[in-house]
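Q: Listed here are the chains, written in short residue letters.
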Amino acid sequence: MKTPRLIASLLLGALTAGAAEEFFDRLEEALTFSAAETRIRARLSGTLDLEGYVLQPPAPGVIDTKAQRLFSPRLTLFLDAQLGPRIYAFAQLRGDRGFDPEAEKARVRLDEYALRFAPLGGRSLNFQLGKFATVVGNWVTRHGAWTDPFVIAPLPYDNLTPLWDTQAVPASATLLRWAHVRPGLSAAAAAVEKDRRFPIVWGPSYAIGAAASGDLGRFRYAVEAKLGSLASRPDAWSHAREQIDHPTASVRLGYRPNPMWDVGVSASDGVYLREFAGFTVPAGFRRADYRQRVIAQDVTFAWRHVQLWAELYAVRFEIPRIGDGDTLAGYVEAKYKFTPQFSGAVRWGRQIYGHIRESGAPVRWGNDVSRLDLAPAFRFSPHLQLKLQYSLQRGDSGGRDHSRILATQLTVRF
Amino acid sequence: MNLRSLPFMALAAALLPFCPLRAASIEGSVVLPKARATPVVNQRYEIVAKAGVLSTNPPVAIVYLEGSFPRPAKQPVVQIVQKELAFSPSLLPVQVGTKVEFPNFDDTFHNIFSFSPAKRFDLGRYRPDEKPVPSQVFDEAGLVTLRCDIHEHMRALIFVLNTPHFVITDAAGVFRLSGLPDGRYTLKAWINSKTTMERVVELKGAATLRVDFP
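In order, the protein sequences belong to chains A and B. Residues in the first sequence are numbered from 1 upward in steps of one, following our numbering. Residues in the second sequence are numbered from 1001 upward in steps of one, following our numbering.
Fair warning: there could be bad hints in the mix.
Reference listing, derived: stretches of chain A covered by chain B, where coverage requires no fewer than 3 residues with Cβ under 8 Å from a Cβ of chain B [what the hints assert, rightly or not]:
# : stretch
1 : 28-40
2 : 68-82
3 : 348-355
4 : 359-367
Simulated from the structure, these hints should not be mistaken for laboratory data. Yeah, the Cβ is synthetic: ideal placement off N, Cα and C, and Gly gets one too.
Starting from the given sequences, assemble the full structure and let the hints guide the process.
A: Right, here's the structure in full:
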């Protein structure tokens, strides 16, 4: 951890100096282009994130490491382009050690790219094509490192369900072992099980697809068809061929009575099993017969220095040989700016599981999870932010009643 | 001559030194830099653009007479509005002690903040119809950069000055400062945070001085 600490110290010293703001303003100017009397405009921007985690193995959620400490740097570049009044394009390129924090070699990915066309020239109707974040819920609008008050995503986007997407469950007893409800996971299964599980929504779900959205006064709508379910993993987002016959349909309807409030209802229906899991479903069935069905509600409130968010996901997984596996996950999150530079956020999340039948008796198909997150943040300048997050999780914590995680994220925005 | 008008003529002559008609003026021009590229609104996760159009502000300069002048008896109040996802005006010179109001004319939230040493504040998110209009008093000289925490492309500058004698050039760089007091002063032309040009000027009577920068 010496190198990250050194980098962080250097950055802190350099970027809080008065000249830094001018440097970033000049950089922004240099990275902004316009032509054809400003009808064509483009801007490159980005963030450099230095993330560190101190945790109790096994790491919770989508963090993938066997160690107690993890350093996860990330460079993100954004391209935003306006081509006349009706066409907008954007792209997001990331260089990091994996989409989710993990101890892998550095790699570069094009996480998002999309073209948006507004045929009516306004906000009432927009078509979008490409690889982009889901329209479901309200976390996506703030999921960037600079705007998210936390380092780790809320429970519905992070906590792993017991299901595997690579293999259909052979029996209810197996699912309960995968879920850690019953002991007896084989050594081979234990070695790979975390890599095969998935959350309700995998992060912002940057799958390939098409969308239509618009703003009709106080109402907003967005519908999308994506080649990947909400639960699909980052590796699958680029494999369009795999889901070409089974697109996932999602919709969000929003109501904004005034700028303070925004409430929304979302729904999604898609296939959560990967292509190779098709060989393991019962004879006479296809993997497309097993769906992930989602109903979600979200609410946002903001006024002066207070911001509140809440989401509730009701999810049904159709599980081969078992039937319906229901789960409910949600959270409430609040942020307050104490001073222009110092803010704090608190979030409480919970995920509970329904029952399946095993040997004729009802049994919960997953361990309920509660998580409390606390996150103070300090903005040294309009371009440098430091966040800390302390999380206390109860349930499904590798045999412990509680697990703790400490995360920090230093973000340079340019 | 009508003798009855004599007292009035005497009074007029006595007041002449204080009359604006006798105050000096400076006119001239400033060579302005090239226009900045028009920013792009980040719409990745929200539809925010007004058909992709952004109002643009041509580069201008602030010309002011440096010196220490008394604060005005009545607090000046001026406005920077937020309209169509832009600050207007995007450059505002004010005298120390001025109150600046920030009305929001968009149908969405804005969140103005400044981390500048001359004035550090964060107004938070407020509705377009909120009363009283959120404001700040700028009581320390210096350059204040305004930003919006929600719309990262929004930027404006407030230049807080110790003098009441300032003017913004037009887009061609032409300016005229009038009503100036007699004396020897430094005339400055602020172009951006890196570039300020200056010239010593001697002001006397009702003369109009011509100063061109550079």
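Q: Taking 8 Å as the C-beta cutoff, is the stated coverage of the stretch 348-355 of chain A by chain B satisfied by three or more residues?
A: violated (count 0)
Q: Taking a Cβ-Cβ distance under 8 Å as contact, does the stretch 68-82 of chain A have three or more residues in contact with chain B?
A: Satisfied; 4 residues make the cut.
Q: Count the residues of the stretch 359-367 of chain A whose Cβ falls closer than 8 Å to any Cβ of chain B, and tell me whether that reaches three.
A: Coverage by chain B is violated here, the residue count being 0 at a Cβ distance below 8 Å.
Q: Count the residues of the stretch 28-40 of chain A whose CB lies closer than 8 Å to any CB of chain B, then report whether that count reaches three.
A: Holds: 5 residues of the stretch 28-40 of chain A have a Cβ under 8 Å from chain B.
Of the numbered hints listed earlier, those contradicted by the structure are 3 and 4.
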